[in-house]
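There are 4 protein chains.
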Amino acid sequence: MIIVMSHNASAREVEAVLKRLENTGFKVHLSEGVERTIIGAIGDRTRLGDMGLEAMSGVEKVVPVLQPYKLASRAFHPGDTVVTAGNIAIGGGQIQVMAGPCAVESREQLLEAAHQVREAGATILRGGAFKPRTSPYSFQGLEEKGLELLAEAREATGLKIVTEVMDARTLPLVAAYADILQIGARNMQNFFLLREVATVDKPVLLKRGPSATIEEWLMAAEYIMAGGNHRVILCERGIRTFENYTRNTLDVTAVPVVKYLSHLPVIVDPSHGIGKWRFVPAMARAAVAAGADGLLIEVHPDPAHALCDGPQSLTPENFAALMEDVRRVAALMDRGVGRREVCGARGENRNVGG
Amino acid sequence: MIIVMSHNASAREVEAVLKRLENTGFKVHLSEGVERTIIGAIGDRTRLGDMGLEAMSGVEKVVPVLQPYKLASRAFHPGDTVVTAGNIAIGGGQIQVMAGPCAVESREQLLEAAHQVREAGATILRGGAFKPRTSPYSFQGLEEKGLELLAEAREATGLKIVTEVMDARTLPLVAAYADILQIGARNMQNFFLLREVATVDKPVLLKRGPSATIEEWLMAAEYIMAGGNHRVILCERGIRTFENYTRNTLDVTAVPVVKYLSHLPVIVDPSHGIGKWRFVPAMARAAVAAGADGLLIEVHPDPAHALCDGPQSLTPENFAALMEDVRRVAALMDRGVGRREVCGARGENRNVGG
Amino acid sequence: MIIVMSHNASAREVEAVLKRLENTGFKVHLSEGVERTIIGAIGDRTRLGDMGLEAMSGVEKVVPVLQPYKLASRAFHPGDTVVTAGNIAIGGGQIQVMAGPCAVESREQLLEAAHQVREAGATILRGGAFKPRTSPYSFQGLEEKGLELLAEAREATGLKIVTEVMDARTLPLVAAYADILQIGARNMQNFFLLREVATVDKPVLLKRGPSATIEEWLMAAEYIMAGGNHRVILCERGIRTFENYTRNTLDVTAVPVVKYLSHLPVIVDPSHGIGKWRFVPAMARAAVAAGADGLLIEVHPDPAHALCDGPQSLTPENFAALMEDVRRVAALMDRGVGRREVCGARGENRNVGG
Amino acid sequence: MIIVMSHNASAREVEAVLKRLENTGFKVHLSEGVERTIIGAIGDRTRLGDMGLEAMSGVEKVVPVLQPYKLASRAFHPGDTVVTAGNIAIGGGQIQVMAGPCAVESREQLLEAAHQVREAGATILRGGAFKPRTSPYSFQGLEEKGLELLAEAREATGLKIVTEVMDARTLPLVAAYADILQIGARNMQNFFLLREVATVDKPVLLKRGPSATIEEWLMAAEYIMAGGNHRVILCERGIRTFENYTRNTLDVTAVPVVKYLSHLPVIVDPSHGIGKWRFVPAMARAAVAAGADGLLIEVHPDPAHALCDGPQSLTPENFAALMEDVRRVAALMDRGVGRREVCGARGENRNVGG
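Protein chains in written order, with full-length UniProt numbering: chain Z, 1 to 354; chain P, 1 to 354; chain B, 1 to 354; chain E, 1 to 354.
No lab work stands behind these hints: they were computed from the structure.
Do not take every clue at face value.
Where chains are identical, the list cannot tell them apart; a pair therefore holds if satisfied intra-copy or between any two copies.
The list that follows gives simulated cross-link-like pairs (lysine to any residue, SDA-like), each with its CA atoms no further than 20 Å apart [stated by the list, open to error]:
| no. | residue 1 | residue 2 |
| --- | --- | --- |
| 1 | K70 | E35 |
| 2 | K61 | M1 |
| 3 | K276 | S6 |
| 4 | K202 | S6 |
| 5 | K27 | R247 |
| 6 | K276 | H7 |
| 7 | K145 | R186 |
| 8 | K27 | G228 |
| 9 | K70 | R133 |
| 10 | K27 | T37 |
| 11 | K61 | I42 |
| 12 | K276 | S57 |
| 13 | K61 | R247 |
| 14 | K202 | V62 |
| 15 | K145 | S10 |
| 16 | K19 | G228 |
| 17 | K61 | R74 |
| 18 | K276 | E119 |
Work the whole structure out from these sequences, hints included.
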């Protein structure tokens with residue numbers, strides 16, 4: 001890292017910083033400019049967090065040189081990581097589509113949705129049993145009953161199941177049913193929960209927080225990987241901006257950026273990113289064209305009667321049309337959609353936009 | 001609420017919306033303009049969340065008329081709520097200062113800090129035993145050992161204890177030691193945790209999320225109150241903005257606004273809001289001048305060696321000077337600082353900026 | 001519009017609002033709920049701005065029902081508008097690519113760039129003669145000399161010219177050379193300048209402000225159209241968010257949204273939106289897949305020696321590869337790239353994400 | 001500045017960067033770490049902008065060490081700058097209040113407002129003759145007629161006049177009437193206009209852009225100073241955030257921060273910052289408690305009939321009460337309000353929050 005001393009820092013203040021760095025095991029290097037003295041320090045980036053150098057007198061700012069994450073970085077693992085859920089490979093060049101209702105509402109609703117999305121080509125069924133709602137008066141999910149229905153839908157369709165885990169205490173229950181554990185956007189920095197899912201032998205779909213930077217998102221992935229679970233799938237789902245016509249602003253650029261900075265697979269959730277079904281197909285195309293490894297799409301047999309997120313849910317017919325579009329864009333990216341594997345190499349190159 | 005139909009909505013679409021509203025128990029009212037048909041609906045605001053009207057065809061937008069929160073609103077409870085922690089009253093006109101280190105690091109550090117902040121006039125000791133850190137490689141807190149040290153400091157000084165609870169599973173442990181349970185900014189929408197603290201008989205200090213609106217913040221308070229715990233203290237701690245010289249942007253205006261919209265006490269944490277100790281005293285003065293019921297200030301015996309947040313921690317000397325300033329501003333607001341009660345009435349009036 | 005009265009509004013206060021509305025020519029309609037009285041007002045939306053109803057006592061909030069823009073709305077003009085610059089049609093189904101250096105630096109640099117982008121399939125040459133720079137010490141552009149070089153490049157290549165006008169006083173000069181006048185992002189709400197370009201018989205490329213909402217952007221277009229110039233091309237170029245790895249966050253979703261709300265053509269500038277050349281091709285593909293009518297791309301013969309925006313400029317080789325990608329995605333959208341026209345109908349349908 | 005090379009940068013790439021820096025007149029310094037090679041470069045910060053080093057292959061990022069502004073920095077001018085408008089000193093320890101209507105509407109309205117604010121203790125009259133409005137259909141100001149009325153009000157009351165200049169072409173006209181030229185928030189980065197006001201012998205009140213960082217704001221001041229006009233008054237008027245209950249979020253922390261980074265006087269406009277008159281007095285107190293050198297307050301004889309910004313305008317009665325509050329807070333800061341000078345020293349110390 002680099003420490004910039006303030007223009008009136010005394011020799012003693014500089015000395016104190018040097019000594020502190022050396023005592024912490026950093027190799028230091030002094031460079032005295034006309035207006036500023038600068039100290040370069042080489043050592044274990046992970047120790048930086050606890051040093052509080054900026055609190056030392058005479059220090060103007062501390063500039064980290066390396067990214068704070070290691071295990072999640074492409075430098076650490078140059079090839080693309082492929083995360084598997086049973087026979088479904090995410091990040092292996094083939095595009096996987098996860099689809100289904102926002103919440104599990106009933107046996108009929110879920111099974112109908114499951115058959116419909118499978119028909120259209122989805123390989124993974126989404127559906128919330130535990131729902132984070134901004135109002136305590138809103139439907140909070142069917143909880144365990146919802147998990148049972150998801151398992152039944154898996155039996156009936158062969159689809160894998162991705163569902164959200166909201167809390168460490170209910171993790172064992174959710175993990176007993178899910179094929180992929182979803183960490184919701186609001187929990188991206190729930191470090192307790194991140195540490196817990198790190199101990200479970202299941203892939204984790206980590207949603208980006210509504211106002212998290214890419215670095216903070218990768219640091220959340222680092223928590224899970226540092227805890228021992230390297231099967232992390234990143235999911236861009238829109239960030240909060242001033243634009244209020246859409247629910248969030250889908251950061252499609254995050255796809256090629258994350259593929260460049262990290263080796264983890266990246267999927268996109270245009271339904272939450274936009275909040276209006278009408279614009280979901282266009283952005284599904286855009287996400288795949290930008291190099292996404294998959295999509296997470298809300299589909300409901302009857303959006304107008306959905307207990308949550310109806311406005312952003314596609315009808316089965318619109319979803320089928322979306323899948324047609326996605327197949328055409330995927331082909332253009334030399335990628336397929338669904339189960340079959342393809343050579344990831346070119347896909348990867350495309351991902352960095354070359 | 002008001003439903004605005006799109007300019008080309010058909011009579012049948014309007015009919016469908018009216019029927020849906022009536023079936024849900026709303027009293028409806030139709031008003032047909034030249035360019036738009038508008039439906040007014042009167043009924044239980046708390047049912048709005050689950051209706052998904054925006055998903056019905058022909059609906060352009062749904063405009064809620066009432067705030068989504070009830071128990072937290074001043075309309076529901078016109079007088080100021082006073083939350084007590086033992087003999088300390090927060091929101092009763094008297095200004096209470098909570099101070100101490102970011103994290104409990106050691107017996108010596110904590111006891112020294114406790115005596116110093118008590119000396120200067122603080123009535124409540126802050127200190128983290130469980131620390132949410134953005135890096136898995138940073139100091140994560142002393143956990144139970146830290147709680148024991150907080151209890152020892154309470155014994156030694158008579159200060160009350162506020163400390164963060166990060167997870168439902170460790171809640172019983174934290175609640176066994178704390179006088180006030182802190183919900184951190186990143187957990188403001190951890191609804192599982194909110195529901196849990198709602199069941200505990202302890203005051204809850206609810207920090208505003210880094211990019212939460214005031215309405216979302218009050219909805220989080222509503223979660224706790226709806227669950228049965230009305231002893232909520234709101235804490236403004238800075239929101240994320242484009243300004244990067246400061247750690248966050250302290251939204252001081254939120255103080256008079258929340259005092260106007262809600263009856264709950266509001267305190268301000270300038271240390272996290274700014275991230276640089278140098279500017280904390282000026283903003284502590286500003287917060288009290290704007291009508292805050294208290295302050296949360298980071299103080300460390302030796303900031304340069306703090307294991308976290310050193311750069312924003314005041315030395316005991318600077319904290320004592322800050323308390324002098326705060327007393328002078330409080331006096332001007334007809335308020336005192338610390339234990340003794342004063343007539344809240346004028347304080348309240350001042351709070352709404354009159 | 002709808003006026004929501006506060007829950008304790010008096011009959012006299014309601015009366016006053018009704019009278020004010022009627023005197024301003026609105027047809028009013030009263031609806032008294034249990035907790036709130038609501039007034040619906042039907043009339044000329046454009047008079048709303050000056051009424052200041054929210055300042056009347058007893059008024060809680062005013063909710064506009066209609067968008068504040070008229071001429072720019074699709075309701076006003078259902079078909080897609082096609083803006084022509086000579087024989088180049090923008091918005092007519094065919095995708096047009098505008099490319100060239102950030103700034104005109106020299107005769108050699110500009111002519112080389114012009115030939116290279118024409119070679120690759122661009123139809124319009126971009127290049128700044130007047131440069132808005134955040135530092136007064138940075139290169140401010142060649143001004144009139146730069147305009148002369150642009151004209152020479154047009155002669156030499158047959159490309160049309162788009163260049164920025166920064167100020168009403170230099171408008172006649174710029175208009176004498178440019179085929180398309182560019183309003184920069186920082187000037188999107190420079191209303192003086194908007195009123196001036198409204199009087200010129202040239203197409204205007206209106207960049208979205210870095211933190212403008214879509215509605216504010218369309219209101220800026222409304223200024224130009226209300227002044228008599230309906231040849232407006234909208235350009236999404238990234239909005240400011242917390243993400244700092246990229247220069248801005250490219251709001252690709254704005255493309256289908258604006259195509260839905262407005263009849264004006266929309267193009268995308270991924271170079272400024274991202275700020276790093278490496279990710280520009282992926283986002284150019286995404287923009288076209290989302291339905292953009294064109295692209296604005298920075299290309300420099302030698303980015304490492306560019307006097308501005310080198311980091312986001314493509315080399316001619318990378319630009320040629322990007323154009324290949326763009327042609328493939330355009331074909332998939334049933335659109336072509338460059339001069340020849342195609343049936344706009346399907347293109348339009350695709351644009352709204354169907 | 002510091003150049004961080006990517007971890008796989010070749011020796012030749014490092015060499016090329018070194019040569020480029022040396023040729024541009026920088027003294028360079030190489031430091032080779034385990035994972036990264038870092039280059040320190042010492043030289044004229046103002047040349048940095050045009051180098052485009054980040055476009056050179058092998059460069060990961062460029063980190064500036066010094067602030068990009070010079071003339072506006074406190075390092076360049078350690079003492080507080082006092083800007084005078086006739087016999088009124090801004091920044092000299094004494095707090096100056098500028099007040100009046102958003103727009104000049106009529107002779108009666110302006111003269112009435114002028115007498116009322118003077119009565120209450122304001123020394124400078126605000127009022128817009130040229131109005132930047134987001135809608136082309138809103139009142140755009142009385143233009144020259146408005147300037148004449150401002151001059152008449154100055155005659156009648158002895159107040160100085162501050163009014164906005166929107167465009168270089170109308171600058172001579174506005175400058176002929178105004179005592180202080182206001183640059184509106186939306187024009188903060190209208191560099192053409194900044195260069196023009198730099199040539200006029202009048203103080204300039206520079207409003208912070210709605211989403212400008214403090215550094216960008218000081219760079220705008222640098223434009224004016226670099227052009228020869230050092231009489232710049234900075235005005236914080238609220239920044240755009242996600243909070244939508246208030247019009248903007250008033251960044252009160254910017255006051256002590258700017259006083260620390262720069263020598264220029266800083267005033268605060270809570271009326272635009274908040275947008276609701278009810279909260280203006282509380283925030284006026286907060287601004288002065290934080291160290292502001294003055295206030296800009298909207299006052300209208302009849303806010304409910306104001307042609308613009310009625311909802312945020314105070315009645316003369318509320319303004320008089322606000323001035324009482326301000327005097328009390330100012331006294332506590334050892335400052336006075338209005339004409340008479342006091343020793344700036346302690347005021348200055350208070351400003352940096354000591």
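Going down the list of hints, with the structure as the test:
In the homo-oligomer, the alpha carbons of K70 and E35 lie at most 20 Å apart only across protomers (12 Å), although the nearest pairing inside one protomer, at 34 Å, exceeds that limit. Within a single copy, K61 and M1 get their C-alpha atoms as close as 11 Å, and across copies as close as 13 Å, so both meet the 20 Å cut-off. Taking the shortest alpha-carbon separations for K276 and S6, only the inter-copy value of 15 Å comes in at or below 20 Å, while the best intra-copy value is 50 Å. Taking identical chains as interchangeable, the C-alpha atoms of K202 and S6 are never at most 20 Å apart, the minima being 49 Å within one chain and 34 Å between chains.
For a Cα distance limit of 20 Å, the shortest separation of K27 from R247 qualifies neither inside one copy, at 48 Å, nor across copies, at 28 Å. Taking identical chains as interchangeable, the C-alpha atoms of K276 and H7 lie at most 20 Å apart only when they sit on different chains, with a minimum of 18 Å there against 53 Å within one chain. In this assembly of identical chains, K145 and R186 lie within 20 Å of each other by CA distance neither inside one copy nor across copies; the values are 23 Å within and 29 Å between. Taking CA atoms no more than 20 Å apart as the test, K27 paired with G228 passes in neither setting, with 30 Å inside one copy and 46 Å between copies.
In this assembly of identical chains, the alpha carbons of K70 and R133 lie at most 20 Å apart only when taken from different copies (16 Å versus 34 Å within one copy). Both within a single protomer and between protomers do K27 and T37 lie at most 20 Å apart by alpha-carbon distance, with minima of 17 Å and 14 Å respectively. Taking the shortest alpha-carbon separations for K61 and I42, both the intra-copy value of 16 Å and the inter-copy value of 17 Å come in at or below 20 Å. Taking the closest pair of Cα atoms, K276 and S57 come within 20 Å of each other only across two copies (12 Å); inside a single copy the shortest separation is 52 Å, beyond that limit.
Within a single copy, K61 and R247 get their C-alpha atoms only as close as 36 Å, which misses the 20 Å cut-off; across copies the closest is 13 Å, which meets it. In this assembly of identical chains, K202 and V62 lie within 20 Å of each other by CA distance neither inside one copy nor across copies; the values are 38 Å within and 40 Å between. In this assembly of identical chains, K145 and S10 lie within 20 Å of each other by CA distance neither inside one copy nor across copies; the values are 67 Å within and 39 Å between. Proximity of K19 to G228 under the C-alpha cut-off of 20 Å is found in neither arrangement, the shortest distances being 35 Å within a copy and 45 Å between copies.
In this homomeric assembly, K61 and R74 come within 20 Å of each other (Cα to Cα) only across copies, at 17 Å, whereas the closest approach inside a single copy is 28 Å. In this homomeric assembly, K276 and E119 never come within 20 Å of each other (Cα to Cα): the closest approach is 23 Å inside a single copy and 40 Å across copies.
The structure shown violates the earlier hints numbered 4, 5, 7, 8, 14, 15, 16 and 18.
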